[in-house]
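Peer 1: Okay, here's what each chain looks like letter by letter:
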Amino acid sequence: MALRMWASSTANALKLSSAASKTHFSPALFSLSRCFSSVLEGLKYASSHEWVKHEGAVATVGITDHAQDHLGEVVFVDLPEPGGQVSQGGGFGAVESVKATSDVLAPISGEIIEVNTKLSETPGLVNSSPYEDGWMIKIKPADPSELGKLLGPKEYTKFCEEEESH
Amino acid sequence: MGTFLEARKVGLPLMNLVRFKGLPILQQLHLEEELFRTSKENWCIVNDGTNDPTIVMGVSGKPAELLEIKPVLHDEIPVVRRFTGGGTVIVDQGTIFVTFICNQDAVPGLQPYPRPIMSWSSLIYDQWLRHQLTPVIDYVFGDRKFGGNAQSITKRRWLHHTSFLWDYEVRNMSYLKLPKRAPEYRLARQHSEFIWCLKDYLSRLTFIERTVNALGTHFSLKSVDSEANRDSSAVKFVPSTRLLTRQELEEAMSAADSKNSLAESISPY
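Just so you know, the protein sequences line up as chains A and B, in that order. Be aware that the first sequence starts at 0, since it is given in numbering that gives the first Met the number 0, and climbs by one per residue. Be aware that the second sequence starts at 0, since it is given in numbering that gives the first Met the number 0, and climbs by one per residue.
Don't take every hint at face value.
Here are the simulated SDA-like cross-link-like pairs (lysine to any residue), alpha carbons at most 20 Å apart as the crow flies [as the list claims (entries may be wrong)]:
1. B/K39 - A/G89
2. B/K154 - A/F75
3. B/K61 - A/S119
4. B/K154 - A/S46
5. B/K198 - B/W127
6. A/K153 - A/L39
7. A/K157 - B/K154
8. B/K176 - B/P52
Hints listed in this document are in silico derivations from the structure and should not be mistaken for laboratory results.
Just chain A, with the same shape it has in the complex (with noise of 0.2 Å):
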């Protein structure tokens, strides 16, 4: 009970200060969640808390708003080289925040044809945009229909919800 209190409290510690940071959000374009991080319409998403649009031949990814509010201030970003390949689940990269590094795992399968390299300079566009000019990788997907095993933005809503509530 008392481990509950405790990271209960300190998520509620986090949702108070990352609400003040929240004015630049457009509500037009997102869809507010219950457990206070955005989650936004029109992309898949991962249990491990990264997003993926989907658009033609090219996959963008990043992580979700929940998981940059829970991470905290990200202070540096590792990514991989263009040209490599990710599989689905696998670990492509990892952030640094509050002296922790938290992998960042591949939503999906494929080849990477961007790096966001304006992440080595700005890893604080992870906090500030997750999930504009906080992207992280684009791929080539191997296997597009690996989306339909991803989390829709309802189903994403519900999941950060339970895992809050434990």
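Using the hints provided, position chain B relative to the given structure of chain A.
Peer 2: Relative to the frame of chain A, chain B by itself:
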């Protein structure tokens, strides 16, 4: 009473306990990284001191920003870049290391993020050591730091390691610069005014035994032969933790000197 305690331990998750004395920090970190990435079990590693003074930087550490490279090169102090986040420390035989490597489900309800993991890990020490946890996750007495830690998190596992200052050599602190990114409570203090030694409080053995006992209230501990683990670490796993080369340090120093010279040459003052 003995039966009650044994029965209570039955419900606890298993954790392997490995104890070293004087294991080189690079070997310790290689072992940790391998167990974190390839094992499916829970582990606690305790290393009572490391053999030679060694500088250990976090994953994103930049030598030119964090180290006085010239004396480091002159005195041939090894510099390691580890796989976890966080800052730079210089460790030696006065450092006691304690590392927890856990599966996600080892601690029910624990969210896989830095602050919840740190809060839980602090519990282990909080059970017997009256310390505080600063907002930036250092172990302090008052405003003086006696332990620093760092973490690595993946989907189903997390690692939390701490270096405790049982004692330290004042002269070794001169190899480290005052970090740019420092916690507020540090207030730009030099190392000697910022850190605090545990040796004035308790013995090394007492510290380790009390830590292990506290851990034993959360896990069913199984002692594992440290020699067996040393042998098994020489396998195919390739760790990212590594020793920086002399060339890398020299290049970092040259680049920093060039940058400083350029800044001075264009300065109007």
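Peer 1: If a hint holds in the structure, say so; if it doesn't, say that too.
Peer 2: Hints, verified against the model:
The hinted pair formed by B/K39 and A/G89 meets the criterion: a straight-line CA distance of about 17 Å does not exceed 20 Å. Distance restraint check for B/K154 and A/F75: the Cα-Cα separation of roughly 19 Å lies within the 20 Å cut-off, and the hinted pair is therefore satisfied. Annotation: proposed proximity of B/K61 to A/S119 holds, straight-line Cα distance about 13 Å (limit 20 Å). Distance hint between B/K154 and A/S46 is fulfilled; the C-alpha atoms sit about 9 Å from each other, no more than 20 Å.
Distance hint between B/K198 and B/W127 is fulfilled; the C-alpha atoms sit about 16 Å from each other, no more than 20 Å. Between the alpha carbons of A/K153 and A/L39 the distance comes to roughly 10 Å, so the proposed pair stays at or under 20 Å and holds. Among the hinted pairs, A/K157 with B/K154 is consistent with the structure: their alpha-carbon atoms are about 19 Å apart, no more than 20 Å. Our distance criterion of 20 Å between C-alpha atoms is met by B/K176 and B/P52, whose separation comes to about 16 Å.
Against the hints set out earlier in the document, no violation occurs for any number.
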